[in-house]
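Visitor: Each chain, written out:
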Amino acid sequence: GAGVSQSPSNKVTEKGKDVELRCDPISGHTALYWYRQSLGQGLEFLIYFQGNSAPDKSGLPSDRFSAERTGGSVSTLTIQRTQQEDSAVYLCASSLRTGSNYGYTFGSGTRLTVV
Amino acid sequence: DQQVKQNSPSLSVQEGRISILNCDYTNSMFDYFLWYKKYPAEGPTFLISISSIKDKNEDGRFTVFLNKSAKHLSLHIVPSQPGDSAVYFCAASKSGSQGNLIFGKGTKLSVKP
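Chains A and B supply the protein sequences, listed in that same order.
Going letter by letter, the first sequence gives residues 3 to 117 in our numbering.
Going letter by letter, the second sequence gives residues 3 to 115 in our numbering.
Calculated directly from the structure, the hints in this document are not laboratory data.
Mixed in with the good hints there might be a few duds.
[To be verified] Straight-line Cα separation of at most 16 Å, EDC-like style, residue types lysine to aspartate or glutamate; simulated pairs:
1. B:LYS73 to B:ASP61
2. B:LYS7 to A:GLU46
3. B:LYS70 to B:ASP86
4. B:LYS107 to B:ASP33
5. B:LYS107 to A:ASP58
6. A:LYS17 to A:GLU70
7. A:LYS19 to A:ASP65
8. B:LYS96 to A:ASP58
9. B:LYS107 to B:ASP26
The structure presented is a predicted model; accordingly, all values stated were derived computationally and were not measured.
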């Protein structure tokens, strides 16, 4: 597609439920990144993919968070047993290659609210 | 421990004047810096970047200055326009690294007509 597409744009879920957030990167972009922005905070790195592998998962806050990428394209971020502190905007970005010199293109994000 | 700091959460400037947004970093290994702009309900968009081999990079109304000894960079917007009103994020990384960008918390710029 022309840009990075994320779905859903908004998600309200009950505490304890699982949620899946989807990211469809720009076609041909091999690198994919997940960030989240909590209220009043900057963008917090979660995980990145080079192709289908995730060399750096260091930003995942707990083992309730996982992500996968298949076919070098779409990625899914899964949060199990959601907690209220998981409420944030989850942003996905892609770039042509890994390495910060290649600009990231961000999607519009998924606003997750855990009630 | 924040490695990239934007100490001013907000800035208000009159249209036509200069906007100066500041950013400090603590990791001396950072050698590539970027500014992103974010409108409400949209993802951040890349604005301008600078490598540590330079101390200035200019693109139209936007100029980024880097002071490596002070671990400080700034974004200048001249002249400021109402459409520049947005949140500006500073980001840093180690050039060529396989990893991710480290972002500051952002500065909300308001340009008043």
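Visitor: So, against the hints stated earlier in the document, which numbers end up violated here?
Guide: 1, 3, 4, 5, 6
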